[in-house]
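Novice: In order, the protein sequence lines correspond to chains H and C. In terms of the working numbering, the first sequence opens at residue 1 and continues consecutively. In terms of the working numbering, the second sequence opens at residue 1 and continues consecutively.
Rather than coming from a laboratory, the hints here were simulated on the basis of the structure. In this text, a Cβ means the ideal position worked out from N, Cα and C, and glycines have one as well. Certain hints may be false.
Cβ-to-Cβ under 7 Å is the rule here; a few derived chain H residues that face chain C [to be verified]:
#, residue
1, Tyr55
2, Cys59
3, Gly60
4, Val61
5, Arg62
6, Leu74
7, Val75
8, Arg89
Calculated pairs, DMTMM-like style, for lysine to aspartate or glutamate (alpha carbon to alpha carbon, straight line, at most 20 Å) [said to hold, decoys possible]:
#, chain 1, residue 1, chain 2, residue 2
9, C, Lys66, C, Asp104
10, C, Lys316, C, Asp151
11, C, Lys68, C, Glu359
12, C, Lys362, C, Glu417
13, C, Lys324, H, Glu53
14, C, Lys324, H, Glu63
15, C, Lys324, H, Asp52
16, C, Lys68, C, Asp222
17, C, Lys324, C, Asp104
18, C, Lys324, H, Asp51
19, C, Lys390, C, Asp218
20, C, Lys66, C, Asp49
Just a sample of chain H residues kept apart from chain C, beta carbon distances all over 12 Å, derived [to be verified]:
#, residue
21, Asp51
22, Ile58
23, Gly84
24, Asp119
25, Asp311
26, Gly321
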Amino acid sequence: MTSEPQLSCAACAAPLAAGDRFCEQCGARSSDEEPAGPGCQACGAPAEALDDEGYCTICGVRERPASNRVELDLVIAAAVSDQGRVHRRNEDAFALGVAGERSVAVVVCDGISSASAGDSAAQSAAAAARETLATAIDAGRDRRDAIGDAIQAAHEAVERVEWTARADRDMPSCTLVAALWYEGEIAIGWLGDSRAYWVAAGDIRQLTTDDSWAEEQIAEGLLTREQASRDPRFHSITHWVGADAPERPPRVVVIRPDRPGRLVLCTDGLWNYAPSPGELGTLVDALPEQAAPAAVARSLTETALARGGRDNITVAVVDVGVE
Amino acid sequence: MSSFTAEVYQNEYLPLGGAEVNAIVTVTSAGGAARAGPAAGAGARRPPDAAEIIIIDTSGSMDVPKGKIKAAREATSVAIDCIRDGVAFGVIAGTDVARMVYPDHGGLQLASDVTRNAAKAAVAGLQAGGGTAIGSWLTVARHMFGTRAQDRVCHAILLTDGENQSESAEELDRVLDTCEGHFQCDCRGVGSDWEVSELRRVASKLLGTVDIIADPADMASDFRAMIETAMGKATRSVSLRLWTPQGATVAFVRQVAPTIEDLTERAAAVDARTVEYPTGTWGSESRDYHLCIDVAPREVGDEMLVGRLSLVEGNKVLGQALIKAIWTDDQQLSTRINREVAHYTGQAELADVIQDGLEARKAGDEATATVKLGRAVQLASESGNDGTMKLLQAVVEVDDPATGTVRLKREVADVDEMALDTRSTKTVRTGPGGA
């Protein structure tokens, strides 16, 4: 009578089946072949021990998602959108267009996480709004009207997003902040809590006021900022882009910068880590004066990641020169 | 072959440092069930080979009151009529020894009109007299099921009316060990002279149900229901196979619906990180399990597969459920308590406080009994467990169900107390109206 020699794991002595490339008990490699990849970052098990969904079949820990980042560098304007360290997909989006030396259209959106297809909503809204703004620059239209039309186009685009109804999910929706700069003036319009800041020497301002439960309570004098920030509804937004959005014209502000500076648009994935204009200004000021918009956007994104990266992070930066 | 589905209910988000993962898994077996009775529907799937033994207590006490042995004979006849053609069956009469009533020698007989009639004739002649030795009855049943226990569904019904006096508890335990895995056994106590904890031990070990038949007149309908359920089994023995990652420990695994049954101690190791819990045979039915697994906490943003629960028949995987954990610093996520987990945690406590309360009441500790049974009333009321609430009301006067304010009743019928004890493990499902 003959029998196959019993294979066993060199590390823990558990039996191995012929062809096993790692020990299913302790995760030690048993093959001389080159490993297929870096393997489990948590317990060191070889790449073969990771299942199709990235879970380690030894220690159960899932592979961290590969960095998921989109960057666009158009020299005088740039944007970065990063998945962050916690979320498994990026539901933020931006759209950016430069039409000449001093004309920029930029849109940043944040898909609402309790909604279906938040990522598609954000992408569709941003693309549609930017398209409308770009046309407005070409036509030399009134900036306020152009912002209004761009937001209308975003609403229509989100309504066309395909989605599957689920009891625990809202209709597709997103926030939006859009800026249109040409001929020395910048118009900024928004719905929700994505923000725009003006950062210039001696002039650091938040241009937007969040459409949020917290801001409404504070505006009506019902709560102090301190009290509101401790409320679980702090992040609830009161206006957004989507078929189920409350009917209300978007808020628009127009500025005419008297000195060069930077226009920063971002989602709460960044401003959560720098809630006041001062804090954000400090982060921007800490960079070299000649830092390009792309460097500023990357640096702000890295700061948010370093502070936890709990949400998707999107930052758009425009270098605004003055004639 | 029936099809299985498994659904997981859990809050997978853990706070920083969180190490305990709770999940409710609902396992549903659909279709493929055999039809009960000799007239199995044409075209029905062929059920697995089955064997059925009815064990009737014929000790002397079955004559008191007079109608009890008569009701048992009638119930057994009704049960025999429900046995499907081709199922191997037999009847055992139990006193301080076990006697084969049908067939009177040799192995089990295959059910047909002829054998069913012969069995009923044999049962009609049963008389009461002698002691009670449940272990010896089970031993004979195991021999009658024979060596084919692995490839057919073996099921027994055991009816008794008294305590297991003719043999020691150790003897019974030893017998239960030898019978475990060979056949399943539903146990019924008639009247109020039997011991709830004793029958619960038998039923629990042999993956069966336990209940009280307070009135002998109800015996026939109960026997019919048990046999119909047994005939409806569409699987052989199914196990829950649980994989957990290195460094994790299983705190507990308990069935929580339709009844509470702790499975933790039944774990049989498959390999270093996988164990199996036997669940017996399945018909068209749904059972819920509560799993609690301790893991080593990870960093914020890490995600871990904490358990993979498979339903296996032999080595065939019938269904699978994944239990996960994600560590977060978002308290809104981590503090949400899953509705199903909360509900079944309450139902398990309900069973515990009833058993503790009745124990205290028996021991004369009325203060403890009042507190425990008061808590039981509160839990039953909150969860909409109307069945248990009704049984509680036979034992306590309820002043305020919301706060659990109760008074112990002075006069409580033994059968009411035993019914509450026996059925304390019956749970309801979440959702409007329960199930």
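Novice: Which numbered conditions among the earlier hints are violated in the structure presented, ordered from lowest to highest?
Specialist: 6, 7, 8, 9, 11, 17, 20, 21, 22, 23, 25
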